[in-house]
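K.L.:
The opening residue of the sequence shown carries number 1 in UniProt numbering; numbering runs sequentially from there.
Warning: the hint list may mix true and false statements.
[As the list claims (entries may be wrong)] Calculated pairs, BS3-like style, for lysine-lysine (alpha carbon to alpha carbon, straight line, at most 30 angstroms):
no.	residue 1	residue 2
1	Lys244	Lys91
2	Lys196	Lys226
3	Lys184	Lys226
4	Lys138	Lys184
5	Lys33	Lys123
6	Lys38	Lys287
7	Lys17	Lys98
8	Lys57	Lys319
9	Lys138	Lys91
In case anyone wonders, no lab produced these hints; they're calculated from the structure.
Note that the structure is a prediction, hence the values are computed from the model and not measured.
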Amino acid sequence: MIKISTKPEDKVKNDFKLLELNDELVKALDDQKLLLFKGDGDEDVVLCTQDNTYSLKNRMHSNSLTMLDESTNKDEYSIAHTFHEILEVQKCSPNIDKIDMLLSHRVLLDPTEVDNNVEERLKYDYDRISSEIQASDKEIRQAFTDRRIVCFNGEYRPVDPECLLRALDVILNTLELVDMSFNKVDKDELADSINKDHNINRDYISTVIGWYMNSDTTLDSQAFVKEIGLSLLKVQSRATAFEKFLDDWKSRSGYELQDQCNLNLLKGYYLIEAGQITYFTTSSLSKNPSKRFQELFKTRQKWFSVDFIPFIRDLGDSKELERMVMKFCRTQTDKDTGMETYTSRQRI
1 MIKISTKPED KVKNDFKLLE LNDELVKALD DQKLLLFKGD GDEDVVLCTQ DNTYSLKNRM
61 HSNSLTMLDE STNKDEYSIA HTFHEILEVQ KCSPNIDKID MLLSHRVLLD PTEVDNNVEE
121 RLKYDYDRIS SEIQASDKEI RQAFTDRRIV CFNGEYRPVD PECLLRALDV ILNTLELVDM
181 SFNKVDKDEL ADSINKDHNI NRDYISTVIG WYMNSDTTLD SQAFVKEIGL SLLKVQSRAT
241 AFEKFLDDWK SRSGYELQDQ CNLNLLKGYY LIEAGQITYF TTSSLSKNPS KRFQELFKTR
301 QKWFSVDFIP FIRDLGDSKE LERMVMKFCR TQTDKDTGME TYTSRQRI
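Given only the sequences and the hints, what does the whole structure look like? Please build it.
P.N.:
The structure is reproduced here in structure tokens:
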């Protein structure tokens with residue numbers, strides 16, 4: 001017979017939580033990989049593996065679970081803690097946007113610079129970024145690529161669009177000089193040549209080239225052309241005539257790539273009003289669906305659906321987006337074009 005006794009309330013410790021583990025988390029522990037809890041004082045704590053981020057939620061348990069103290073007597077135990085709830089994990093989106101705030105003061109303007117007078121507290125290496133960003137290692141490194149952030153002299157810095165444009169120009173010109181093409185590239189040789197001829201930091205230019213490599217020996221020409229167009233949009237100080245923008249885009253892309261300059265590549269990054277094109281992206285909009293729809297309809301009262309969807313695509317999967325459109329939009333068919341249009345159900 002096993003005897004279980006309770007302790008006086010003042011001796012029962014309430015500093016335990018039960019965490020429910022899914023298959024990925026169990027495997028991570030079996031493989032002796034790190035599981036990291038992340039979150040500052042004003043953030044909800046998340047759990048990160050090497051690949052994914054999980055939210056933690058308290059779930060009430062219908063049956064109490066009891067943890068027993070260790071005992072030298074196998075027939076007698078005392079209750080150390082009684083659990084009425086457990087922590088449930090659910091895969092969630094990482095909190096990546098904080099990176100922009102952390103690195104906003106260290107934008108890279110010139111890859112030939114040597115700046116030794118910057119205070120250490122302003123620099124962010126990988127460990128410091130990882131400790132402050134609620135995301136897995138894989139998600140953080142993907143964010144570096146998506147946001148065009150490079151490791152420059154040991155610290156991570158976002159690349160200024162004008163700086164990136166100059167790098168793309170140099171890559172295009174050097175490809176021809178070293179007898180390479182988009183279908184035949186030696187990344188190391190190309191980076192060495194640019195470093196030697198233009199005194200551009202080799203690690204920087206190698207990272208930039210890597211953003212557009214779609215195999216060990218080929219560059220993705222479409223991704224390259226898209227980057228040129230996107231960078232041109234970002235460096236505009238004001239709205240630009242659409243025809244002028246398109247001419248500039250083709251000119252910067254060169255003769256062999258100019259036929260790929262198509263606005264479909266830039267969907268979700270621009271608005272055209274009265275023949276003027278301007279940079280416009282979801283990064284400046286709320287992540288709350290209701291507010292996002294209000295902001296979009298304040299910008300334009302009536303949208304073609306094909307123009308609208310790219311600005312809400314980050315809010316959910318296709319079924320969730322369909323539900324949001326039904327909730328926040330009135331749908332009509334444009335008489336002139338036969339295309340679907342959206343107007344707001346909310347008062348703007």
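K.L.:
Each hint should be assessed against the structure and marked as holding or not.
P.N.:
Against the structure, the hints:
no.	hint	result
1	Lys244 <-> Lys91	violated (45 angstroms)
2	Lys196 <-> Lys226	holds (27 angstroms)
3	Lys184 <-> Lys226	holds (20 angstroms)
4	Lys138 <-> Lys184	holds (29 angstroms)
5	Lys33 <-> Lys123	holds (28 angstroms)
6	Lys38 <-> Lys287	holds (21 angstroms)
7	Lys17 <-> Lys98	holds (28 angstroms)
8	Lys57 <-> Lys319	holds (24 angstroms)
9	Lys138 <-> Lys91	holds (14 angstroms)
Taken one by one, the earlier hints fail for this structure only at number 1.
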